[in-house]
Amino acid sequence: MTKQVRVRFAPSPTGYLHVGGARTALFNWLFARKTGGKFILRIEDTDLARSTQESVDGLLRDLKWLNIDWDEGPEKGGDYGPYFQGERQEIYKKKALELVEAGLAYYCFCTDEELEAKKQIAEAEHKSLHYDGTCRNLSSDEVKRRLEAGEQGAIRLRVPDKDYFIDDIVRDRVEWKAGNVGDFIILRSNGMPVYNFAVTVDDALMKITHVIRAEEHLSNTLRQLIIYEAFGVEPPKFAHASLILGADKSKLSKRHGATSVGQYAEEGFLPEALVNFLALLGWNEGNDREIYTVPELIEAFSIERLTKAPGVFDKEKLLWLNGHHLRNMPPEKLVDLIRPVIQAALPEKPELLETEMLVKLLEQIQVRMTLVSDAADLAKAIYVSKEPEDEESINILEEAKKTPLFDSLIKHFETCEWNKDGYNTAIKESGKEAGVKGKNLYMPLRLKLTGEQHGSDLVGLLDLLGREEVLKRLKK
RNA sequence: GCCCCCAUCGUCUAGUGGCCUAGGACACAGCCCUUUCAAGGCUGCGACAUGGGUUCGAACCCCAUUGGGGGCGCCA
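Remember, this note's numbering sits 1081 above the position in the first sequence when you count from 1.
Honestly, the hints are just simulated from the structure, not real lab data. Glycine included, each C-beta is placed from N, C-alpha and C at the ideal position. Mixed in with the good hints, there may be bad ones.
Computed beta-carbon distance windows for the label pairs [said to hold, decoys possible]: (1) E1435 / T1388: 43 to 49 Å; (2) R1386 / K1501: 46 to 52 Å; (3) L1210 / E1347: 19 to 25 Å; (4) Q1201 / R1386: 43 to 49 Å; (5) Q1085 / Q1233: 21 to 27 Å; (6) L1210 / T1133: 31 to 37 Å.
Put together the whole structure using the sequences plus the hints.
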């Protein structure tokens, strides 16, 4: 029996979820859901200065918005906790000491100044910049004495002089020749673990089977391998996905525009669209498919088909996908998303917030929405009466006023049955009486009603506005 | 400087030696549909970084060059 898949997403809390992190989380999550494994969320809050409750909350909020749920982690617990690195300090210390006792790591009392000086000399002599091993062979008596004397010591790993490699699931074999790294620190003199040590200890203890992460961590893997080896633990499988780039092809950062999931949520993107987009940025099924629902993604996903080459974050395509998912959403569901938007846009018309009214509104505007937030302007264009300002529109209205069109419309609208057939007939009759048809009939009517040349279907518009409002606007 | 990764249309990508005069999608342009705008449909524009090999045959395999990216901390 193959062991159950256990994957993790291990962000450091910076207050929000970066889209790159979101994609990493998504890949892990999809893999777990696909294989029936566990998805673990672990917070790397070793850097306490940046790790506040708020920043953790922001992270969890964004993940939840994306509908990425975790099986173990914050708010959930689990058998392999704690899931905050900040609460695992004793574990790292204990594990580092184990290595010291086994002779695989050692205390180093070199000061920053000494190390800096050594580095400079090495540089000048064009030698390796690696740690020179000054404290490598201190006797245990001396170590004991210096520690008892109150000296602060860091713990360094004794790095074997040998080659290492991984068989990365997306990159195949990646090799490092011996001598790539010197004895590196695993536990700082203040007792805090170094990143590579903490992740490795955690991944090992949490029985992580697959490490799916971005390529920026590929180089770190070497040190992690050495640590796994020191502990005699078999490393997990690795899958290094490509990076997400900005338009200038450098790693996506804030200067490229919105990078946090929260920003996209606020802008009016749908989580299912962002998920669809992110999944396709660096992964594909091997066919031409572009549109996926979340269950379809779970079904189709495989880490073997992650892409090697980095990809540019193309907001245009995200926008298109969002429009697509929006149009495909059942109005009854979309209603809940646009209700707050409409409420904010038209606070003076609370009656519009009724589900029935919103569904009717969506019949008119849904096909023209790209973002959820578009509902605001589209609804205003309908419900807020206004005068056209551009010359062309004014001319069209002037021309119409030379005919009895508006008077006829008023007359017919006052008496016709207020339903689709009713006003269709009314419009046609009025057109006949005024001697206009086609564009010359519909355009002035639309302009008179909404002040705009373009917009939703006229018949639907009449229906939405109601007889009273229509007559009011025509008589104005 | 050293190490590692990557390289197909502007962008996301399909492609694993003959099916490729390189397919799809976004964007862009045109047309159609249509009372307008959207949406939708159709058409067009548009790429295998370069140079060497290997092979009967290379987008696909190998090497080099170039270009891009990432990593080299008592940061994560």
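Quick rundown of the hints versus the structure:
1. E1435 / T1388: 43 to 49 Å: With Cβ atoms ~47 Å apart, the hint holds.
2. R1386 / K1501: 46 to 52 Å: Given range 46 to 52 Å: holds, Cβ gap about 50 Å.
3. L1210 / E1347: 19 to 25 Å: 46 Å, violated
4. Q1201 / R1386: 43 to 49 Å: Since the Cβ atoms of Q1201 and R1386 sit about 48 Å apart, the hinted range of 43 to 49 Å holds.
5. Q1085 / Q1233: 21 to 27 Å: 42 Å, violated
6. L1210 / T1133: 31 to 37 Å: Holds - the Cβ-Cβ distance for L1210 and T1133, about 36 Å, lies within 31 to 37 Å.
Of the numbered hints stated above, those contradicted by the structure are hints 3 and 5, listed in ascending order.
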